[in-house]
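Trainee: Those protein sequences? They're chains A and B, same order as listed. So in the working numbering, the last one in the first sequence is 523, and the numbering has no gaps at all. So in the working numbering, the last one in the second sequence is 1272, and the numbering has no gaps at all.
Just so you know, these hints were derived from the structure itself, not from any lab. Just so you know, these numbers come straight off a predicted model, no measurement behind them. Possibly wrong hints are sitting among the right ones.
Derived list of chain A stretches under chain B, where covered just means 3 residues or more per stretch with a C-beta under 8 Å from a C-beta of chain B [stated by the list, open to error]: (1) 114-128; (2) 365-379; (3) 394-408; (4) 499-513.
Calculated lysine to aspartate or glutamate pairs in the DMTMM-like style (CA-CA distance at most 20 Å, straight line) [said to hold, decoys possible]: (5) A/Lys-297 - B/Asp-1017; (6) B/Lys-1073 - A/Asp-293; (7) B/Lys-1016 - A/Glu-424; (8) B/Lys-1071 - A/Glu-424.
For every residue, glycine included, the Cβ atom is placed at its ideal position computed from N, Cα and C.
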Amino acid sequence: MNGQAVALDIGTSGIRGQLLDLGSEHVVRTCVTSRNPIPGSNVMDHLSFAMTRGEDVAHGILLSAVHEVVDRLRPERLDRLSVCGNPIQLSLLEGIEIRDLAYAGENKLRSENVGAVDRSGHVSDGSALGFDGTEVVVPPAVRHEIGADALAMMLKSGFLDDDMCMVTDYGTNAEMALKVGDRIFTGSAAAGPALEGQQVTCGMLAGPGAVCDLVRRPDGWTAMVLDESLTPVEGPLVNLRSDIIRQSGRIPDGITGTGVVALVHAGMADDRILDSSIRNDPIRITRKVRFWDRDLKEAGKAMGAIRAGHMTLMASAGVSPEEVRTMYMAGATGTYVDPLKARDLGLVVPGCTRILQVGNTSLELAKDLALDPDKIGELNRLRSRLLTEHTMFASSDVFRDLYVMELGYWTGGMPLGRYRRLLESLGLGGYLDMRADASVEKTCQRDIRDIGESLDMIDTGVTLSGGWECSGCMRCVEGCPEGALSSSDGRFVVDTGRCLGTACLRCEENCPEKAFTYSCLGL
Amino acid sequence: MHMDIVMQAVEEMRLKDPVRFNQLVEEGMAMELGFIGGPSKKQKSVDKLKKEIFPENPDYAAVSQGVLDGKRKVVEELVSKLLGSGKDPVDVVTHALMPGIQVQCELYDMGMSYVPEILMSNDAMQGGIGLCQSKIGDVPSKGDVISFVAEGDLHDIGKNICAAILKANGFKVTDLGRDVPKDVVLDFVKKNNVKLACGSTLMSTTKPGLIDTALLLELEKTGVPVACGGAAVSKAFVDTFSNSLYTKSPLETVKAATGICDGSKKWTDFRS
């Protein structure tokens, strides 16, 4: 019998795992989780949770979710496990220092005595992670901010073999890189989860029932809805001008990230969205599925951060938007979104003549390493050779100016004309109206290139629980915005994947007796 | 005037300009801005505002215009010329620089200008004020305020907007920058006549920095509370520690700073 290996990609919004046959190098089956198991909706909240509750708790949660995914993949004999993802998830999984990732400022790092952390790629024994007799392969982070996921994005898209090109992973934390000759400029914009369908009122992850696109018809737009096999099928017909809906086809349950992009694009095309606000709020798709002005603002912040990030990278490299010829779009949103609509909203550099949608590159790198762990050496050498010039957007004046303008436009009601003029004063005039004729190539049909015989989507069953003396009024359970909290027999149980963590704590806040103590909940 | 007509005007505005409408409702100014009787403030054009607020002296007016346009270089050039010709620096600040930002703020209040423009105007004005200060030291203000971003965090867009709007409203704001340890805040507060510290953070991991700073300032009996804001900060969070208040927007910060600096309010007045 051939040996088997599992390749994992741990992302901010979920874990993706694949079982591989080492002999034939084929994918046997795939399993994805609907959420990241650590409480919180973004990496900063994940870090904050790990620091307030102890890194061992976060490590324990992530590890048991990983075990759940691996068990679901039903390996007959597991020789190897390779894991790719951003440095925060990888460090939490391995249980190594995270404080250098938690603080952006030098002062705090100095006062906490946090030194440099070695994140080079390595192969280690899996017993520390509860995988006895299995070797664990972890790829390197280029440095502090540019994790293995960013390396994967550059390596597995074709970006490194190209020139005058840009690559972006459209995730909660949008990693981006620009290549000019031998120089690589990188950055990472905290876009927020709106482009993955989260933090939007009727938002959902890409799954059955999600609106994923809108198609132009003579009398409006047909909403495309994902069916059980995640194929888009026709849904209701929506006329944005008259606000008339004709129900037909598949009934949608929510809107996913690519649907948000399509909706904003259609709203602007039909003058329903003017100067970044929705007229006759909300836009209805069905009676239940609606897109509100506040959702538009949330999406706008995400799209604005990406557009400002792209402009900042080009400014640091000293190239003009016309010179950047190729755009690689990575990640699930980058693969499924309509690239021309995305470009019209500023998610793609407008001067590009070639747009490639390249899928989940992080999982691809994990797969390569699972099949051939010796590639780690090559990656470590590549890592030191990559002369990346990293722009920390948080401390870049250029980014700051641009992002304030984006915020002014998307959330402050600043008209587009005003934004154009302000950009001109920064020497970026015409960026908003530039459109090159672009060819679009899809290098894969799905974000996961090959799913094997089956694709399982699971909710991780990781929970934190605890109990204390209280009257049992249940205000904590009723007040939980995510429905993550339940109670039986005086014990309170939190579904960690749904819980928003330290950014929320409404359970503690709502408790009239001040008995609820989040920090008393344990694995 | 009949209530129906008022409601009609309000409704009309809601449809025509929802952004502005929401802004007004939020700030509770719908009545104040004259839907009832008289010409509404919104109809005043930029020219009219300029006529009201800008100085008559054409040299001074040119400085105000430079501030309004957000042109720092132009402003600095004009101000150094004025100072070179022997003008009083305090007069230049109050009658040439301030009117420019005042018009910008009025326009902002009316929904006709936006945060990026306020920041640019503020930048231009600061250029001019810097030149004047080098001549005379301090210029008169409504009170001394400091702004900082909590230790460990570098995200300062929110803090900058807040500081700019405080400055535009006549406060003397010393910006301690980003990634600021609590001891630096304490040290500055002890050596200067500061009335309020405004702290912000965007990252959830650095929120404890605000708690530490507020408690240290209380422990050392400085009498200086910390007004907290920023993406990671909520009212519920600020309510968990003393010597602090939560301000949701720059305008709320201005209101709080006004009360605290003139001595009529304490931090406890802003807590529920």
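Trainee: Now look at each hint and say whether the structure bears it out.
Mentor: Hint by hint, here is what the structure shows:
With a cut-off of 8 Å between beta carbons, the region 114-128 of chain A has 0 residues touching chain B; three or more are needed, and the interface restraint is violated. Counting residues of the region 365-379 of chain A whose beta carbon lies closer than 8 Å to any beta carbon of chain B gives 0, which falls below the threshold of three, so the coverage claim is violated. Check on the region 394-408 of chain A: 9 of its residues sit with their Cβ under 8 Å from a Cβ of chain B, so the three-residue criterion for coverage holds. Coverage of the region 499-513 of chain A by chain B holds in this model, with 5 residues showing a Cβ closer than 8 Å to a Cβ of that chain against a need of three.
As the CA atoms of A/Lys-297 and B/Asp-1017 are separated by approximately 16 Å, the hinted pair is consistent with the 20 Å bound. Restraint check: the Cα-Cα separation between B/Lys-1073 and A/Asp-293 comes to about 39 Å, which exceeds 20 Å; the hinted pair is violated. Between B/Lys-1016 and A/Glu-424, the direct Cα distance comes to roughly 28 Å. Violation of the 20 Å bound is thereby established for this hinted pair. Of the pairs offered as hints, the one joining B/Lys-1071 and A/Glu-424 holds, with about 14 Å between alpha carbons and a cut-off of 20 Å not exceeded.
Violated hints for the displayed structure, listed by number in ascending order: 1, 2, 6 and 7.
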